[in-house]
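If you're matching them up, the sequences are chains A and B in order. For what it's worth, the UniProt record's numbering labels the leading residue of the first sequence as 1, then goes sequentially. For what it's worth, the UniProt record's numbering labels the leading residue of the second sequence as 1, then goes sequentially.
These are computed hints drawn from the structure, not numbers from a lab. All figures in this text were calculated on a predicted structure; none of them were measured in a lab. We put the CB at the ideal spot given by N, CA and C, even for glycine. Do not rely on the hints blindly, as some may be mistaken.
Said to hold, decoys possible - Ranges of calculated distance between the beta carbons of each label pair, as one might list FRET restraints: (1) A/Gln-44 to B/Tyr-124: 52 to 62 Å; (2) B/Arg-277 to A/Leu-253: 19 to 29 Å; (3) B/Arg-161 to A/Lys-171: 22 to 32 Å; (4) B/Asp-280 to A/Gly-116: 41 to 51 Å.
To be verified - From the derived model, a few chain B residues whose C-beta atoms are all more than 10 Å from chain A: (5) Leu-15; (6) Ala-38; (7) Lys-46; (8) Asn-92; (9) Asp-131; (10) Thr-148; (11) Asn-149; (12) Lys-198; (13) Ser-203; (14) Arg-266.
Number of protein chains: 2
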Amino acid sequence: MGSSGGPPPLSLSILGVEPMDEFIKEIADWVHFQIMNAPPDLLQGKGGKIEVEAKVGLLRDTRTSQRLMLPVLVESIIAPEYAKGDMRFESNMSMQQHKHFNLRLNDLKLSSSQPGFPASPLGYMHLRLTDSFYPSEDKEKIRVTKDTNTQEVVECLRKIRLGDLNIYSPKRAVDWRVSVNIEVPVPHPIGSPTHSRKKDRLSYTHEEFSIDLTQVTSQTQSGAPELLHELELEFARPDMLVAAAARRGDPSLPELERSVFDELIRAFVNNARILVRNAD
Amino acid sequence: MGSSGGPPPLSLSILGVEPMDEFIKEIADWVHFQIMNAPPDLLQGKGGKIEVEAKVGLLRDTRTSQRLMLPVLVESIIAPEYAKGDMRFESNMSMQQHKHFNLRLNDLKLSSSQPGFPASPLGYMHLRLTDSFYPSEDKEKIRVTKDTNTQEVVECLRKIRLGDLNIYSPKRAVDWRVSVNIEVPVPHPIGSPTHSRKKDRLSYTHEEFSIDLTQVTSQTQSGAPELLHELELEFARPDMLVAAAARRGDPSLPELERSVFDELIRAFVNNARILVRNAD
């Protein structure tokens, strides 16, 4: 140590750089695989759009219905074969947690519009939507979404789940799940919906992402209405993500361009981690 | 998207910064706790020195002796209560793996001394040591280490284990373990050693760390000699780490000074991750 008493300069590692984040890399590889292996007939053939989203909620042990307990201290990705049988993901939180997220996101919207904030400002929309579900010839039901106030049809689609990756987060109040879906537009169905739900959504937007904080009231033909509180982080422009996936690692492209996909997933995971750590 | 066709600038997150690495933070908190709660009578009273090291090896299921299998896809820290009963850590690797590390570290020593390398150059020493173990009145045996060539006594100490943290690393060929010990110097024991071992050590040094690649030949009074291959990463100046631990988060100090401990642990974990990822 020098006479100043301070520590000498410290490199990030023996290589001089931070090693790659194994967790982010695993999610990037998985999302990339899901996108590149999506059924082409649903995409080009039927005009389907890829959807990549992270939902905040709880992983529950299938037998006990208690929150999942694994013998690890920090966040990790659940092996898919384990996720199939022994656990389920519940996309829900308490009204209190929902309110806390609302306050934190409103604070962030305000501070992000101040000069000197290190990222772009958040945008904000308040949406009131009604989903009605209709039977279809396929496995998936058809979802018709209307603007609750104007009753205009916003979208009419069939949503096909391609895969889920579950994130166990024992240090936090919530777990999370990454999902890749295809949304295929379909003609408006005839007949009656089997059930419907009303969504009161606070939609925050930031660069390539939207963060949707939604109160969902479900109404089935029989039974009392069910109230759920959801938080989703979603790529706002899936076409751009899909184009970046196709260019990932292409050696004929400049480094900056072939790394766009990984940088998008890095920001996605960073945002999901920040949301999860702010759950109370 | 602009007319250039390239993606717009992307912030690291909605906060504009990378969220903290939960894994590194957990290890930093744990090492800090071990240091701050080390028995003072062994430190000030008996001149003991803290040792913080990471060993590369395999976590094995106690019942099957197979490598541990947990239902997670990426590295995580094993909960201590699980580590106590269901698994053990084996500080060993194949001769082939040992040779591979030797080649990689020699390559790095060479490239790190070239102009333009982003970190300091590695140092290197070849050590041949003999450890002899003597019974003592305490739980721990006394270890006398001699230079094998000159037979000079290098150190004579009792090593007290304070704690271990085990890292499961399913994507890699090896797992690892962080240990905090106290090494208390003692007078040379009288009588005969119960057993001894010879260490052929390639010791690489980098800034605050030493990386020891060691071939250990153990000889007990009965039985054939046992050959082990070990890889350890260790803080070279534990006094400096202990001083940084005491200043961690002290609000009366400038930010740079109170974050020294966390920056040291970050470099330690980065180096351990790099070593583990280079296991073949």
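Results of checking the hints against the structure:
no., hint, in the structure
1, A/Gln-44 to B/Tyr-124: 52 to 62 Å, "holds (58 Å)"
2, B/Arg-277 to A/Leu-253: 19 to 29 Å, "holds (26 Å)"
3, B/Arg-161 to A/Lys-171: 22 to 32 Å, "holds (26 Å)"
4, B/Asp-280 to A/Gly-116: 41 to 51 Å, "holds (48 Å)"
5, Leu-15, "violated (6 Å)"
6, Ala-38, "holds (21 Å)"
7, Lys-46, "holds (24 Å)"
8, Asn-92, "holds (22 Å)"
9, Asp-131, "holds (27 Å)"
10, Thr-148, "holds (28 Å)"
11, Asn-149, "holds (29 Å)"
12, Lys-198, "holds (27 Å)"
13, Ser-203, "holds (14 Å)"
14, Arg-266, "violated (7 Å)"
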